[in-house]
Structure formats: C-alpha cells, structure tokens
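Q: Residue-level listing of the chains:
There are 4 protein chains.
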Amino acid sequence: MSHSKYEYVRQYESDDKLLPNCWIVIRIDGKAFHKFSDVHQFQKPNDKPALDLMNRCAERVLDQFRDVLLAYGQSDEYSFVFRKDTVLYNRRASKLMTNIVSQFGSSYVFYWKDFFPEKQLKFPPVFDARAVLYPTNLTLRDYLSWRQVDCHINNLYNTTFWNLVLKGGLTNQQAQEKLKGTFAADKNEILFSQFGINYNNERDQFKKGTTIYRERVEVPMENGQIKIRSKITATHCDIIGDGFWEDHTYLLDPYKDA
Amino acid sequence: MSHSKYEYVRQYESDDKLLPNCWIVIRIDGKAFHKFSDVHQFQKPNDKPALDLMNRCAERVLDQFRDVLLAYGQSDEYSFVFRKDTVLYNRRASKLMTNIVSQFGSSYVFYWKDFFPEKQLKFPPVFDARAVLYPTNLTLRDYLSWRQVDCHINNLYNTTFWNLVLKGGLTNQQAQEKLKGTFAADKNEILFSQFGINYNNERDQFKKGTTIYRERVEVPMENGQIKIRSKITATHCDIIGDGFWEDHTYLLDPYKDA
Amino acid sequence: MSHSKYEYVRQYESDDKLLPNCWIVIRIDGKAFHKFSDVHQFQKPNDKPALDLMNRCAERVLDQFRDVLLAYGQSDEYSFVFRKDTVLYNRRASKLMTNIVSQFGSSYVFYWKDFFPEKQLKFPPVFDARAVLYPTNLTLRDYLSWRQVDCHINNLYNTTFWNLVLKGGLTNQQAQEKLKGTFAADKNEILFSQFGINYNNERDQFKKGTTIYRERVEVPMENGQIKIRSKITATHCDIIGDGFWEDHTYLLDPYKDA
Amino acid sequence: MSHSKYEYVRQYESDDKLLPNCWIVIRIDGKAFHKFSDVHQFQKPNDKPALDLMNRCAERVLDQFRDVLLAYGQSDEYSFVFRKDTVLYNRRASKLMTNIVSQFGSSYVFYWKDFFPEKQLKFPPVFDARAVLYPTNLTLRDYLSWRQVDCHINNLYNTTFWNLVLKGGLTNQQAQEKLKGTFAADKNEILFSQFGINYNNERDQFKKGTTIYRERVEVPMENGQIKIRSKITATHCDIIGDGFWEDHTYLLDPYKDA
Numbered sequence: 001m002s003h004s005k006y007e008y009v010r011q012y013e014s015d016d017k018l019l020p021n022c023w024i025v026i027r028i029d030g031k032a033f034h035k036f037s038d039v040h041q042f043q044k045p046n047d048k049p050a051l052d053l054m055n056r057c058a059e060r061v062l063d064q065f066r067d068v069l070l071a072y073g074q075s076d077e078y079s080f081v082f083r084k085d086t087v088l089y090n091r092r093a094s095k096l097m098t099n100i101v102s103q104f105g106s107s108y109v110f111y112w113k114d115f116f117p118e119k120q121l122k123f124p125p126v127f128d129a130r131a132v133l134y135p136t137n138l139t140l141r142d143y144l145s146w147r148q149v150d151c152h153i154n155n156l157y158n159t160t161f162w163n164l165v166l167k168g169g170l171t172n173q174q175a176q177e178k179l180k181g182t183f184a185a186d187k188n189e190i191l192f193s194q195f196g197i198n199y200n201n202e203r204d205q206f207k208k209g210t211t212i213y214r215e216r217v218e219v220p221m222e223n224g225q226i227k228i229r230s231k232i233t234a235t236h237c238d239i240i241g242d243g244f245w246e247d248h249t250y251l252l253d254p255y256k257d258a
Numbered sequence: 001m002s003h004s005k006y007e008y009v010r011q012y013e014s015d016d017k018l019l020p021n022c023w024i025v026i027r028i029d030g031k032a033f034h035k036f037s038d039v040h041q042f043q044k045p046n047d048k049p050a051l052d053l054m055n056r057c058a059e060r061v062l063d064q065f066r067d068v069l070l071a072y073g074q075s076d077e078y079s080f081v082f083r084k085d086t087v088l089y090n091r092r093a094s095k096l097m098t099n100i101v102s103q104f105g106s107s108y109v110f111y112w113k114d115f116f117p118e119k120q121l122k123f124p125p126v127f128d129a130r131a132v133l134y135p136t137n138l139t140l141r142d143y144l145s146w147r148q149v150d151c152h153i154n155n156l157y158n159t160t161f162w163n164l165v166l167k168g169g170l171t172n173q174q175a176q177e178k179l180k181g182t183f184a185a186d187k188n189e190i191l192f193s194q195f196g197i198n199y200n201n202e203r204d205q206f207k208k209g210t211t212i213y214r215e216r217v218e219v220p221m222e223n224g225q226i227k228i229r230s231k232i233t234a235t236h237c238d239i240i241g242d243g244f245w246e247d248h249t250y251l252l253d254p255y256k257d258a
Numbered sequence: 001m002s003h004s005k006y007e008y009v010r011q012y013e014s015d016d017k018l019l020p021n022c023w024i025v026i027r028i029d030g031k032a033f034h035k036f037s038d039v040h041q042f043q044k045p046n047d048k049p050a051l052d053l054m055n056r057c058a059e060r061v062l063d064q065f066r067d068v069l070l071a072y073g074q075s076d077e078y079s080f081v082f083r084k085d086t087v088l089y090n091r092r093a094s095k096l097m098t099n100i101v102s103q104f105g106s107s108y109v110f111y112w113k114d115f116f117p118e119k120q121l122k123f124p125p126v127f128d129a130r131a132v133l134y135p136t137n138l139t140l141r142d143y144l145s146w147r148q149v150d151c152h153i154n155n156l157y158n159t160t161f162w163n164l165v166l167k168g169g170l171t172n173q174q175a176q177e178k179l180k181g182t183f184a185a186d187k188n189e190i191l192f193s194q195f196g197i198n199y200n201n202e203r204d205q206f207k208k209g210t211t212i213y214r215e216r217v218e219v220p221m222e223n224g225q226i227k228i229r230s231k232i233t234a235t236h237c238d239i240i241g242d243g244f245w246e247d248h249t250y251l252l253d254p255y256k257d258a
Numbered sequence: 001m002s003h004s005k006y007e008y009v010r011q012y013e014s015d016d017k018l019l020p021n022c023w024i025v026i027r028i029d030g031k032a033f034h035k036f037s038d039v040h041q042f043q044k045p046n047d048k049p050a051l052d053l054m055n056r057c058a059e060r061v062l063d064q065f066r067d068v069l070l071a072y073g074q075s076d077e078y079s080f081v082f083r084k085d086t087v088l089y090n091r092r093a094s095k096l097m098t099n100i101v102s103q104f105g106s107s108y109v110f111y112w113k114d115f116f117p118e119k120q121l122k123f124p125p126v127f128d129a130r131a132v133l134y135p136t137n138l139t140l141r142d143y144l145s146w147r148q149v150d151c152h153i154n155n156l157y158n159t160t161f162w163n164l165v166l167k168g169g170l171t172n173q174q175a176q177e178k179l180k181g182t183f184a185a186d187k188n189e190i191l192f193s194q195f196g197i198n199y200n201n202e203r204d205q206f207k208k209g210t211t212i213y214r215e216r217v218e219v220p221m222e223n224g225q226i227k228i229r230s231k232i233t234a235t236h237c238d239i240i241g242d243g244f245w246e247d248h249t250y251l252l253d254p255y256k257d258a
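Residue numbers (the UniProt record's numbering), protein chains in the order written: chain A, 1 to 258; chain B, 1 to 258; chain C, 1 to 258; chain D, 1 to 258.
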C-alpha cells in the first residue's frame, strides 16, 4: 500500500491476536440455510449430495490450510481445528476466520455442479464464522463431542419429524406437536412401529456427521525404508468416546499440557 | 442447538461487539491474487471484466445487507461501510466480517461466467476481511481517500510498468529498475513520450476505482406525490474532494457529531 | 527486564489499545463502601469530609495525569475524562485504568488524616475501575449527565430515607416500604411536611456532585501581555444543561467531529 | 444505578471476560519507583523494610481475594496467580486488575508506618497492573521462572553496582561502564575479590524474591480427627526447579490438563 497523508487511518485497526498455546476452532455456519434448502429442493431430512458437497469444501480447506489438523461437520455447519501451536497469520482471529469461511463459501459454488449436475444453483450461499479458543485437549474434545451430540439429537428428531410428515401424512404443525416432550426412546419407537425404520441402520454420515483429519500413512520406499506421509481422510465414526482418539494418538497427544 | 453436558464449551466464546456510534468498515482483500490473475490470464495492468465482476459482487453485498451504505473498490479489494448506527448482528465483528466476505467470495464464483463466458474458473478464490471503526465523518472520509489515493498511485505505476514491458520490450526487472524513485510526473512523461498515452484519458474505473452507494431517487406516484426510493448506483468519480459528498449530503450528514 | 529462555511467556500478553479519537472515560467505584462507611461511622446520608476526601484524591489524579481534562464524582465513584487525542500509555486500557485507580486509592489513605484528624482509618479501601469509550461530544455529555442524574435521584432518596430513620424513628425496613413507588415530588413533600426541609436548600455538593476541570486562567505578565494558564478547579454546578459547557467552550469544542 | 434517558450510554461499555480454564496472572508494577526510592532514601541495592512492606501488601491481597492461589514478588513488582477456575467478577479483566492493584496500593500507604516508623511517606505511590493468561501449568511455571530469573539477574547486577559505587568509590557512570558486558561469574568475582562478599551468602529474600502461597496445614481436632486448613505462608526459596512444586503438589496438580 502506498503512503499518503491519509495513511494515519491505519492506526484505527485493532489487534486481535489469539492467545498462544490454545486450540483454535473456526466454526462456519450456513446463513438462512432453511430457505436455501427449500429453494434448492434438498431432500428431507438429509440430502446426501448436499452433505457430500459440504465435505468436499471442508477437504479443500484442509488442503489449502496445512495447519488445520481436523474438521468436523454436520448439517450446514463445519468446525475447523487449527494446530495448537499454529502461527498462521500471527494467530489473528479475523484473518483466520475470514480466510476459512471465504475458502469454504467459494468452494461451495465452485464444486456445486459436481454434486448437483442436473440442478442449477439459484444464488450464492452465505456462511458466517466464529473463532473459539480451547486451552486443553479435554475442552477441545468436549467441544467436538458437543457438536456430535447436537448432530445426533437433531438427526433423530428430523428423521422422525419428516417420516411423520412425508410418510405419515401429518402436517408440520401436527408432527411438531407429536414430538414435543418426547425422549430418544420415544422417537426410536415411532420410527420402528410406524415406519419400520431401525434408526441404528440409518447412514452413519447422517447420524454421526463427518470427521476429516490428516491421517498418518506409512509409505514404503524403494530402498526398503518407510516414510510417513499425511493424507486427508474422512470418517463418519463416533468421536465422543476414546476409541477414535486412541487409534489416532498422533492428533492430540503431542499437545498434552505443555 | 441441543443441550448436553458438553454445552459448557459455549462459555469459551468471546464477545466482540463493536463500539456503538462509529462507522464500521469491512475491507475484503483477495488472497494471492497475483497468482490468481496469472492463472486466469487477466489482462495487464487492468482486466476490465475482472474489475466488473468485483463490482457485481459488491452490488450483491449491498443488495443483501441493507445497512451497508456505501462501498469502495479497486484492484482486488473492496471496502464496505455500514451505517454508523447499524445494529446488525448486534455489531459483532466476526459476524459482520464473515458474512460480508462469504457473500462476496461465493458471488465471485457464482457470477464468474457472466463476465468470463469463454474462460473456465480454475479454482475457488479466497478473500480475507477485517473490521475497522471510524468514529467521525472526517476519519471515514480520510479512510476512503486513503484507498482512492492508493488506487491512483498503484494504477499509474502499473500502467507505466506494463507499457514498458508489453510495448517497450523491457523485462519485468528492467521496468522495475527504470521506475525506481520516479515521481508521478516522470511516469506521465514516460507514458506520453514513449507510448503516446495521455494518462488522463485512461478509464476512470481504472484511475479512480468504483464507488457503489445507495442513491436517493424521487419516484413520482399516480396521485401526484413523490416518494423517495434508494437505488444501488455505481460511479467512478473522485471521492477525495468535497464534490461527491456535497452532491450526496444524505449519505454522511445525518451522522454528524451526535 | 532481563533475557532468559523463559521470556517467551511475554507473547501471552495481549494488546488492549483503545480506539483513537474517542473520549476515554475511566470510572472508579468504591468496593463494599456500604460496609466501609459503617465501619468508619460516616454520617448519613452524606458525610462531607468523606466527599471532600474523594475530591482531594481526584485533584491529585488531575495533578498527576495531565491528559485528564475533567472529572466528575459523587458518592463513592469518580469518572475521569481523558483528552480525546491522548496517547498516554499508547492508549492501553489496562495501563490507563490501573494507574488512575491506584493513584486514587493510595491518595485516599494518604490524605485521610487531613479530613479525619480524629478518626483512625481501620483498613485500606479498595476501588475498581473500568474504561469506556465515547466517540462524540454528545455521547460524552450524555455519559456525564447520566452520572449527575444518578447523583440527584440517589441523593433525594437517601436524604428522605435517612430523615425518616434518624428523625422520623422508622426502621430501615419501614422507611424503605414508605418510599417504594414514590416520585420525586412525593419525597420533596415528605421532607418538607415531616421534617421542614426544603430539598432545594441542601448543599449543591450533595445534590449535584463535584466537577473538577482544568480552568483557563489569564495571567497578566510584567510586560503587559497576558498568558493562558490552566488551573484545576472544582465546582458543584449543573453539567446536564448547556450552561456549564457554554461557559467553558474550550473543554469540548476543540474536539468537535474531526 | 437509576434509570434515565441517558442510561443508553452503558451500551458503550465493552465485555472483557477472560478465557475460562486458564491461569490468570495479575502483575503489578511500581510507577516511577526509581524516583520514589530516592525520595524516600531507600537503601541500595535492597531496602529490607521496603521489600517487607511489599510482602505485607501482597499478603493483604491474598487475605482479601480467596481465589489468589499464589503470589511472587521482587523489587517493585508483584504477580498474583488466580485459580485456573476462578469465576470472580465473572473473570472480567478490568475488575480483576483494578481490584488487585487498588488493594495493593492503598495497603502500601496504610501499612507504611509499620515498616518505616521513623520515616514520613512523602506522596502516595502508584502501581500499574496487567492481566495475562497462561493456558497450562508449564507456561505458568515458566512465567514464574521468568520473574525469578529476572530477580536473580537484576539483584546480582545491583549488588555489584552499588558495592562499586558505595564502597568502591566509583561514580554511577564508572560502575556502569565496568559492568558492561560482564557475565555472572565476573560479577561474583568482583564482589568477592574487591569487597569480600560471597554472593551466595546474601539474603534469599534479595536473591530469590518472595513467594506467598496458601499452605495446607493439618489441624488436629479434639475428637482426634484432623482437619485441613489453608494458611498464607511466605518463602524465599527457588521456584524454578521442581522441588517447591513437588513439595506442594496441591497447588498446581489439581489443574493438570483438564
């Protein structure tokens, strides 16, 4: 940028450097995606191509931002976890948030046709983003658990709701009334007794969301030795229990209380 | 969002409400647009369709965010000025920044084909954004002047540089050397004597950038009365002097020291 | 400070620079002064020496911090207004707050004996502080008006309450009940009819609080010329209306929308 | 506070809640204590009563703020460490900083006469304060180590400097020149060979500073059982190595990566 007598206005910019040595989570969220889903006639309760497109965009983010260690997505949201020790953009919150959300949003339009070859995108979608810090491995895992529990609860509700409406002939209002105050067991029962659906058999992608991470892969070399490469990998497994983390200790363990 | 024992993690979110009664400027900036321009073979020093596309995206932003009063763009950047008294998103900086940058970036991909019908978009572009507060009309005008002076200085340099390279046969390195330490008058002279170009005759869009604002238009009604409507309008005029502001007093005057 | 391998911890310090070109108000507030007043047997509803001590401390602050233009105090609180363009401590909020509150608090103990020669200070008092920005002259004046209205409302209530208790023989509980839901006129009436007190005749210091400012004084010199000096001056006048400000235009006028 | 049309100005106050689950360190620092020491003729290089007074003030802080776990002081500074999980003042930085600094500063004046019975306090001292977050036990310990290393380096320098001046007859300027570029070993050698001083035999309070913490004490009860009480205790020991922390595991261990 050039110098002029007006340049003093830069002093009005404020610093928003995030505390070092904390996990940085950037969560993006679709703006008015209820309307967006209606206009684009997404299937209820889950539109697989739409979810696959979200995953494609998240992979693009991991591909472009090497310090994103892991991402978790469900519905119209995605959380990106930066390495605890990242110094990307000097940890400036606004830089991190806006780069991620912008990469995600433009990718959504860019890759749309790969997932909806027959469907025209009617208008450009908007996502917002926020940055949150988690100082410990436990709080980071609790954050991710929070999002996956949210996925589970919403998906069970939506699955039951839309079966009541689409197959059961209820109005939206009636379905909402019927589900008011019900517990998970009640919804499972409705699904099974009225629609012959065993919720456990639903797709893991719908029930658990998608976790994308940098997997460590051993690559044999010509000389017989092995080198370690990282590979962007997606899974729909449970990330609340210890299993996933014990299988991938290289993700969080290097950052234990230090 | 659903309730669970993990929900406590929401307490880690921080408040980033911007001071009331200040102009909010959100400036977006293309990330690595040098490379982006090369890959997409943008014309040097200015690619009109590319600049028009930027303007189209900015208009989309004004169309979607009613509290954006005015925007100024040049090169790969755009500044959006929110009404001083906006309460959109409760003035949360992250919400304002990420909504704007995401709307702009996805629009860029969405409208690409309208401006480059023959050219394939190779990859999704990325923009970053920042939020800056200006407490007075004068500081806001100085901010906008700063960006327009920047446009002028860069465009004069780039116009001379690329004429030296494309028509003058110099290498990039040689052109850079030749321009080192030159003043505006020197560059004007090079353009005129070597290439017969009168810089004043260059397009205003290139020399001044683009200002998009909500123009007040009087619409005559059937009953003979007149109603005031606002219309999104683009201009390439000077916004450093008082002229533009005197012609459009309704933009800033209502916000004088209050 | 010396260098060592531990010095990296300084990177955890965050920047808290306040927006330029805004009025900075630091308001300090007595902590648990209800108890402090009881222990030191302050007179109800107003203890003049205690209020005078507060004013003495505020004068010390103005004396030590040249960029404090004006202060307003009442009860156990004091607001200090920094020049809009101060660059003291690079406008870092924590530096400004803690310097002011620390100067005020240690002065309170230091000057105690001048105001309570017969009374032992039982324990060191504590004040907290906050920093607030006001971007315009109007908002600054509204802030000061807010505090002075608060002074008026509380003092009228307290004067009536303590007359009911101390002279009227009511218990605290009974006095509170009697005043519940009353308006200013009701309290004036109680004071007048029951205790023969015309509230208007109460001390201005109690009704209006204290404003301390840098007065401009013309000092005649030997050579016949006049030089302008500033003098720390206290007044108990109204600062809500325009009068005070019209009489001292040099305080705020230089900072009109700029 | 009372309601009025001016109350809107409260919206200009900003939130400064500190990230949960991080150690909060409030460090206070004497303002212009070089001059303060000269005026009050503090002994060089260390004035024991002055340091003892600092410690007394710090104990007052621990006594009044139950969530301060530990404090470390040297020279004219003191660091106060809040429990990682404190919710005092809802973790608002300004409240925490200003309460601590104000308690410390007013205590300094209040307790002055207990440490300087023969010496008049000439003017009220000022301290500033800052708040810093440390997310892990290791970074907190590194912070404290940083301050203790600083104490060591400065004290060795000052001890040598003042012996050269006071006993060696050098001017301040000459002493400074002589010490330029010297290492610890050089200073130890000067002290020993010129002044017969074995630096190791200097007071620990001067060499190590003072650590004040809540010690766990077992109190036997009449019924033969034992109850745990906490007692504010001061020590001048090393806190860089593991010893102190292994002897007092109850201080940090409960807050391991959680």
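Hints are computed from structural coordinates only; laboratory data are not their basis.
These figures come from a predicted structure and were not determined experimentally.
Treat the hints with care, as some may be off.
For identical chains, the list gives no copy identity; a pair is met inside one copy or between any two copies.
As the list claims (entries may be wrong) - DSS-like cross-link-like pairs, simulated, lysine-lysine; straight-line CA separation at most 25 angstroms:
(1) Lys5 x Lys180
(2) Lys31 x Lys95
(3) Lys95 x Lys122
(4) Lys31 x Lys227
Q: Out of the numbered hints, which ones does the structure contradict?
A: The structure conflicts with hint 4 only, although it agrees with all the remaining ones.
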